[in-house]
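If you read the sequences in order, they're chains A and B. Heads up, the final residue of the first sequence is numbered 864 in this note's numbering, and it's a clean run with no missing numbers. Heads up, the final residue of the second sequence is numbered 1179 in this note's numbering, and it's a clean run with no missing numbers.
One or more of the hints may lead you astray.
Claimed, not checked - Some chain B residues close to chain A (C-beta under 10 angstroms, calculated; not the full set): (1) E1012; (2) T1061; (3) V1130; (4) N1131; (5) F1135; (6) K1160; (7) R1166; (8) V1169.
Unchecked claim - Restraint-style ranges between C-beta atoms, simulated for each label pair: (9) A:A853 - B:Q1145: 15 to 21 angstroms; (10) B:H1028 - A:P795: 56 to 62 angstroms; (11) B:Q1145 - A:L845: 21 to 27 angstroms; (12) B:K1088 - A:A853: 27 to 33 angstroms; (13) B:L1060 - A:L845: 19 to 25 angstroms.
The set of hints was computed from the structure by calculation and includes no laboratory data. Every residue gets a Cβ at the ideal spot worked out from N, C-alpha and C, and that includes glycine.
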Amino acid sequence: MRPLLTEVQLLENYLKGTLPEDQQLDVEIRLLWDQDVQQKLANQQLAYKTLRLFGRRQLRAELEAIHVRLFG
Amino acid sequence: MSTQRLSMDAALLIDRERTLERIYAKTYPMVRHYVKENRGTDEDAKDIFQEALITYYEKVVYDKLTLTSSVSTYLMGICKNLWRQELGKRARKIGLMDAPVDEVGEEVAVDDEQPTATLMAFVEQLGETCRSILVNFYYFGHRLEQIAEQRGYRSVRSATVQKFKCLERLRKAVSHLSVDQFKL
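Taking the hints into account, I'd like the entire structure generated from these sequences.
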């Protein structure tokens, strides 16, 4: 994978807490001084939040359709 | 694969539409009955039932919930709670009719709409492939194996790479917004 993708994956695993202990610590230390990584992490969290809102909206629309089909 | 023998929670992730429809057909009439017995309308019943279903779905995906009781019992419990809260809210509203409007609270509610719409537009702009991979994986709890199969990827690895490419695009898109706008 391209380095950028590896980094996206690294941050995802960091957030999930599934990295090996030394790597988890590496990321934590980088976050202390590297503003670029801090920003990327914040953006990634916003991306997850966005997907959750989007998915919830889609699910709500699906439920509406079911409602109309069954009880409309 | 038949979903008949799977637990409801597992079936939900594999065959969402049919599973939700089964749950809906069985449980909604009970919720409607309860709400209407307790000063509510059909519309109220529909709203809280759908909210309860969304809560249940998210618990299955994000918290790996596995029910030991029946789905109907579980949903009925959530609905009763939600309806009690709603009745409380309505009672307070009537009591506060003559009180001054809570201006701060109003402002927050209005401000919230615009950023949300912007965020939704970012997902729309990703195009069908990325949108469906990301939403299916992160929200609907599909496994990468399932996504690879649906989209005809040769391997789970290709699906993984694609998923991270799409996530990177979304991350880049949202980076144009100031993060402080959102209290997330």
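Now for the hints, and whether the structure bears them out:
1. E1012: 7 angstroms, holds
2. T1061: 20 angstroms, violated
3. V1130: 5 angstroms, holds
4. N1131: Holds. Min distance 9 angstroms.
5. F1135: Since chain A brings a Cβ to about 6 angstroms from F1135 (chain B), closer than 10 angstroms, the hint holds.
6. K1160: 6 angstroms, holds
7. R1166: 5 angstroms, holds
8. V1169: 5 angstroms, holds
9. A:A853 - B:Q1145: 15 to 21 angstroms: 20 angstroms, holds
10. B:H1028 - A:P795: 56 to 62 angstroms: Since H1028 (chain B) and P795 (chain A) have Cβ atoms about 58 angstroms apart, the given range 56 to 62 angstroms holds.
11. B:Q1145 - A:L845: 21 to 27 angstroms: 23 angstroms, holds
12. B:K1088 - A:A853: 27 to 33 angstroms: About 28 angstroms separates the Cβ atoms of K1088 (chain B) and A853 (chain A), which means 27 to 33 angstroms holds.
13. B:L1060 - A:L845: 19 to 25 angstroms: Holds: the Cβ-Cβ distance is about 20 angstroms, inside 19 to 25 angstroms.
Hint 2 from the list above is the single one not met by this structure.
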